[in-house]
Amino acid sequence: MTLADLLPRFDGGPLLSVPSTAAGLGLLMLVLLATLLAGLWRVLRGPSAADRMLAAQLFGTTGVAILVLLALASGSGPLLDVALTLAVLAAVSVVAFVASAGPGGGRGQS
Amino acid sequence: MDPMVIFDAGLALALVALSWAVLASADRFASVVLFIVLGLMVALAWVRLGAPDVALAEAAIGAGVTGALLLATLRHLRGQPEAPPSPAPVRWAVGGMVAAVTAALAAVVVALVAAPRPEGLAGAVADNLAMSGVEHPVTAVLLNFRAHDTLMEVVVLLVAVVVVWAIDRGLAPAHAPQGPLVDLGPVQDGFARLALPAAVLLGAYLLWAGAHAPGGAFQGGAVLAAVGILAILAGRWRPEPRHRAWARAAFGLGATVFVLVALGVGLGPRVAYEYPLTLAKPLILTIEAAVTLSIAATLAALFFGREPAGLTVPNTVPNTVPSTARGGRP
Amino acid sequence: MNIGAMTLAEAAGLGLMALGAGFFIAGTVGMLRFPDAVSRLHALTKADTLGLGLVVLGAMVMAATPGAVLRLGLIWICVALAGALGAQLIAAFVRRSGDGSGE
Amino acid sequence: MTAPGPDLIYGLAGLGMFAMGLYVAMTGTEALRRVLALKICAIGASFLLIVAAWRATPDGIDAVPHALVITGIVVMVSAMAVALALIRRIRALEDAHAAAGTPAAPPRPAPRRRTRPQQGTPR
Numbered sequence: 003m004t005l006a007d008l009l010p011r012f013d014g015g016p017l018l019s020v021p022s023t024a025a026g027l028g029l030l031m032l033v034l035l036a037t038l039l040a041g042l043w044r045v046l047r048g049p050s051a052a053d054r055m056l057a058a059q060l061f062g063t064t065g066v067a068i069l070v071l072l073a074l075a076s077g078s079g080p081l082l083d084v085a086l087t088l089a090v091l092a093a094v095s096v097v098a099f100v101a102s103a104g105p106g107g108g109r110g111q112s
Numbered sequence: 144m145d146p147m148v149i150f151d152a153g154l155a156l157a158l159v160a161l162s163w164a165v166l167a168s169a170d171r172f173a174s175v176v177l178f179i180v181l182g183l184m185v186a187l188a189w190v191r192l193g194a195p196d197v198a199l200a201e202a203a204i205g206a207g208v209t210g211a212l213l214l215a216t217l218r219h220l221r222g223q224p225e226a227p228p229s230p231a232p233v234r235w236a237v238g239g240m241v242a243a244v245t246a247a248l249a250a251v252v253v254a255l256v257a258a259p260r261p262e263g264l265a266g267a268v269a270d271n272l273a274m275s276g277v278e279h280p281v282t283a284v285l286l287n288f289r290a291h292d293t294l295m296e297v298v299v300l301l302v303a304v305v306v307v308w309a310i311d312r313g314l315a316p317a318h319a320p321q322g323p324l325v326d327l328g329p330v331q332d333g334f335a336r337l338a339l340p341a342a343v344l345l346g347a348y349l350l351w352a353g354a355h356a357p358g359g360a361f362q363g364g365a366v367l368a369a370v371g372i373l374a375i376l377a378g379r380w381r382p383e384p385r386h387r388a389w390a391r392a393a394f395g396l397g398a399t400v401f402v403l404v405a406l407g408v409g410l411g412p413r414v415a416y417e418y419p420l421t422l423a424k425p426l427i428l429t430i431e432a433a434v435t436l437s438i439a440a441t442l443a444a445l446f447f448g449r450e451p452a453g454l455t456v457p458n459t460v461p462n463t464v465p466s467t468a469r470g471g472r473p
Numbered sequence: 280m281n282i283g284a285m286t287l288a289e290a291a292g293l294g295l296m297a298l299g300a301g302f303f304i305a306g307t308v309g310m311l312r313f314p315d316a317v318s319r320l321h322a323l324t325k326a327d328t329l330g331l332g333l334v335v336l337g338a339m340v341m342a343a344t345p346g347a348v349l350r351l352g353l354i355w356i357c358v359a360l361a362g363a364l365g366a367q368l369i370a371a372f373v374r375r376s377g378d379g380s381g382e
Numbered sequence: 042m043t044a045p046g047p048d049l050i051y052g053l054a055g056l057g058m059f060a061m062g063l064y065v066a067m068t069g070t071e072a073l074r075r076v077l078a079l080k081i082c083a084i085g086a087s088f089l090l091i092v093a094a095w096r097a098t099p100d101g102i103d104a105v106p107h108a109l110v111i112t113g114i115v116v117m118v119s120a121m122a123v124a125l126a127l128i129r130r131i132r133a134l135e136d137a138h139a140a141a142g143t144p145a146a147p148p149r150p151a152p153r154r155r156t157r158p159q160q161g162t163p164r
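Residue numbers (my numbering), protein chains in the order written: chain A, 3 to 112; chain B, 144 to 473; chain C, 280 to 382; chain D, 42 to 164.
For the record, the hints were derived by calculation from the structure and aren't laboratory data.
A hint or two may mislead.
Quick list of the computed label-pair ranges, beta carbon to beta carbon [unchecked claim]:
| id | chain 1 | residue 1 | chain 2 | residue 2 | range |
| --- | --- | --- | --- | --- | --- |
| 1 | D | E135 | B | P340 | 13 to 23 Å |
| 2 | B | V305 | D | L134 | 18 to 28 Å |
| 3 | B | A242 | A | R47 | 24 to 34 Å |
In this text, all values refer to a predicted model and were calculated from it rather than measured experimentally.
Backbone N, C-alpha and C fix where the C-beta goes; we use that ideal spot for every residue, glycine too.
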């Protein structure tokens, strides 16, 4: 299977060579995690349903970025598959939100 | 590895805080959105713990299916008032019990962490991996070493869809809307045209990758189910009564193939699921393909949430009429 | 492979990723500070998508295998599409329901 | 061992999630939140399994616990779907009762659920 040879395996660690790179990647992950935690404020506070959904979408993007960094740091290609799955499914929840929020209302439009 | 310790601690704190927020939030919609975010963070934590397969399953099922399922249910609960909390004695008693259990478990966790590393079953799996027919240990466990578990899991899915279809039969008019829920507009249409084939490809790729890397029937099936959910949401596909026969066939396919393979192997000198070495990989891939289709169909049906029956409602409940077509869409 | 070239690629990748992380910070600040939902959409569609693009670009520079580069590209395309779709849908939703104001 | 490893950190986090989920699942009064609580409880329990797997083989994959957790995720989504179907069903029956008993019930924005004939023109 030639395609299989092109794709990196789990045990292959060709992506990382020097420890200083690992430290740099770790720092970047920390920064991204910090932005995630700060963004939680918007989900908690709202005020509207659209704000919350927007913030959740944003988290999806940040989570994908963290996964990419993790894949680099651990040198495991299949983590990119996890990131790819998240990326492909990122739209499902927002479509479900808009569809289920129904015409003309967030929640509690009474 | 200092940054990673801080990262782990921050992520763990976020997990606990998010769980609390999901459970304590006064707003149902907020707690569902927080729950979706929680699923994402859990997947990150599982990656950190070296479990990419589990992270993939959680990302596919949590991000795609569960979130859509919860959001769709939320729509039915709109306007329902919150119930009063449980009486205080109940809360105190349960709180005490939970605290005791948690304290005991915490002692166990701390003691285990201090103890020397256990051996685990990884060695046993690795020793027998060559005989399993696949190269990825998790797939080997799921479809060879512990195949009975997986068969039961497929049966659980089957039971779930049977129950869900049974729940909505009978008294009240069906609770799901007809047609596209809202007009999602041309952008969504174009997106669906682009995204649906891409997601089908990704699902097939995950199924194939499961033989040698994280992936497999559940993850691939969940991605395919997300395709179905998107198609239903966008109004590109609407389950109708005449689809029921196909749907039933798809629900049962995985369990049927699974059982047939077990019988076929078991009729010979071997026990069930003790595949002959030369046939192991084709048999496993056959089972996985069937199970993937079943999981995809089942999860999509669970999202749709009811049997696609006609709208003729038995005349047992007064003052309700079946919903007729309503065009008043802003 | 030459060690000097590797470190150069890694340095370039890290630099691109750091730039991307800066855009993520900007996006989060925007989401926290902008007054209403429609302006917060900028954070989603522009800052974070660009940030992820830079992170992916940096990862492409660092990752040597063609499979990884291909998947990284796919990841960015998918996220950019989902971001565009989400922004459009949420904006339409806000406009329809009229609850996008800061309240 | 100077810094706590991921096993301790995530083990305790999982334990916290398990405890919170269990408490709310047992004392909560709102059905949807109890379902979420059960799922959080399940995630917490999965964390303990995954941490055990990580402890056994930090650098590789201990496949048996991972396979168990994947099975658990799929079973949990089935259980959740059934629970949510029951919740929707209960809501439908409540609505039917409300419509049958008190016709002058406050109008609820229920766009595509069913129309009440006595309500006149829908929005």
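State the violated hints by number, sorted upward, taking the hints as numbered earlier in the document.
Going through the list in order, the structure violates hint 1 alone and respects the others.
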